[in-house]
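Quick note, the sequences are listed as chains Y and B, same order. Numbers given in the numbering used here equal positions in the first sequence, counted from 1, plus 9. Numbers given in the numbering used here equal positions in the second sequence, counted from 1, plus 621.
There may be inaccurate statements among the hints.
Here chain B is said to cover these stretches of chain Y; the calculated rule only asks that three of the stretch's residues, wherever they fall, bring their Cβ under 8 Å from a Cβ of chain B [claimed, not checked]:
hint: 1; region: 82-91
hint: 2; region: 163-176
hint: 3; region: 244-257
Since the hints were made in silico from the structure, they are not lab data. On a predicted model such as this, the values are computed, not experimentally measured, just so you know. Even glycine gets a Cβ: it sits at the ideal position worked out from N, Cα and C.
Given next are the chains, with one letter for each unit.
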Amino acid sequence: MGRQTIREARPAPARAVGADDQVAADDAGHAVPAGSVRTGRLRPTRRTGRTGRTGGKGRGRQWPGAVFIAPHMVVLALFMVVPTIYAIYTSLYTSRLIGGTRYSGLANYRTVLSSPEFWDGVRRVLVFAAVQVPLTIAVAFFFAAIFEAGVVRFSRFFRTVFFVPFAVPGVVAAVMWSFLLLPVFGPYSKAMSWLGFGHVDFFSSGMILPTIVLIVLWEWTGYNMTILYTSLKAVPREITEAAVVGGASLTTIILRIKLPMVRPTIVMLLFLNMVGALQLFTEPSILAAFQPQAISYGFTPSLYVYNTAVGSGEYNLGAAAAVLLAMIIGAISLGAFAVRRRNGEFR
Amino acid sequence: MSTDTAARAVSSGSASSPDASRAARKAARRAAAARESVPVRLYGLRRGTTTLLTLVCAGFAVFILAPLVWLLINSTKTQANVYQSSGFWFARPFRLFQNLAGLGKNISGAGVYLRWLENTLLYAVVGAVGATVLSALAGYGFSRFRFRGGNALFYLVMSTLLVPITSIALPLFLVYAKVGLVNSVWGMILPSMVSPVGIYLMRTFIDATVPQDLLDAARIDGAGEVRVFCRVALPLMVPGLLTVLLLTVVAVWNNYFLPLMLFSRSDLYPLTVGLSSLSQAAETGTKAELVPVLITGGLVTVLPLIALFLILEKYFRGGALQGSVTG
């Protein structure tokens, strides 16, 4: 690693992220008394700090940490922070064929917020998340718990099989399922009418959301199960043993003892699955090719953003919708975070 | 060099007798697993419960495997037979090899599958290796050093977990349009190197498995920071690195929205975007046999990742459980 790399890379995050300085002050205010030895020591190393030779004791203890995180922070700044700021900037302008680009304040936001298509999409992903996320995690927890308790034969095989869809791209999953669920010709439709359910159209406007729930359940149950399984493994054996000796049944042990102990993991998974569900894009966009009338251009907020920006070329409007989507997800995340913190589950 | 000795001492623990002790190690692992879990008979289950639960699992396994079996079977069919014959059984003529050959052709101008496969390999390998390296460096930095603003920066990194991909892909596209990075390979690869999950995993992993004393000992012996990282810490991080590598390869391989935004030229598409363009062409056009190519292409997209997962899964699961290098 050359000296130039380190010299150039090091100060970059501070400037590009634009948060380091205030944050550092904040952090110092909280954790380290102002003007302490630690704070004082960092400055000189900024000037001299270079190779690892200085190592050892005292000076040079803090800068290596910053150098190690610098490459990631540079990429993060250039490819996430800068674009986000630029998107907010763009969303405040309006481009017209005649007259060029003009500052238009919050007009784009007003347009998006008054569009029924956008709100339909928001409502739809909220309903979708409310059904899909708890369902996926409940099924995942059921399997993780019975595998961990060791009451299933061939559990190693099943664990591997259930995890496999994680390796299948959402696009391929959606393509496979759209053939499997084809009305009339698809094997699942045939099976449904053979079982006496009559003609089921999985792509009709009433069924399209349950169909997507099915596909997403297929994709993500195994992943959630694997994480829950690892987390259940960490529950100390003595606790289970004590419960067994006390005469608790397996169901009681799983629901009353193990479930509360892995609650932080479940909360985290609820959270991550929800953020994923609110961004729903791949599955409906692939299904739209098969059944365009069931999936409108604003079926989900992500589709709205894509179709507005790329489909219609209204980049400013698309940017405003993207910022709004991020704000909605951010608000829900913060809400969940607050609840979690109140329950004392914040780590 | 004492740093080398230290590193070697740690890694030689399990690497000393490679083949002879494999069975013994397996037995020890099984014994450890038995020690960890409560014997089933103590639960006092009703007879048949185990069988019933196993059947439930088998049912779910059928649900999971059915689409993949369908994919395998239908990659051997003609377009007409995909629709007309039974979805879960073979039909004549057997067209697997013709369908595979179709992956090398440009049918109806939708693009060439093999080119997309090449692109995906490039994006996944460079992007995931980059993400793993950056995660390892950053995870080590966050785990083993305290510096001003360190915690705040860590929270900043973690908060990027919550930024919707949709909300970052469009802004990226807009910025790229300004600086001329649209339809650029680097425009796809560099953002893929940001992996908050990778950093979180590496930090947790290093916290748990890299002893600070070992690093301090190496420093006292005069090793520089770069040397301490490469020779002492890195060998201990291998299982964690593999986990992050696996996760990031999957993430880049399966990424759809970002490349969909960035690339307007079909010769730059990765498999996901290529297949979706094929699927659109197959649904709207009736020209050539696009459906078999789509299905066979899906199969070929899925197989390498499943293979990689099956190979690495054993490795990282064992490694993560042992928390040390397995040679």
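Hints versus structure:
1. 82-91: Satisfied; 7 residues make the cut.
2. 163-176: Answer holds; 11 residues pass the 8 Å Cβ test.
3. 244-257: holds (count 4)
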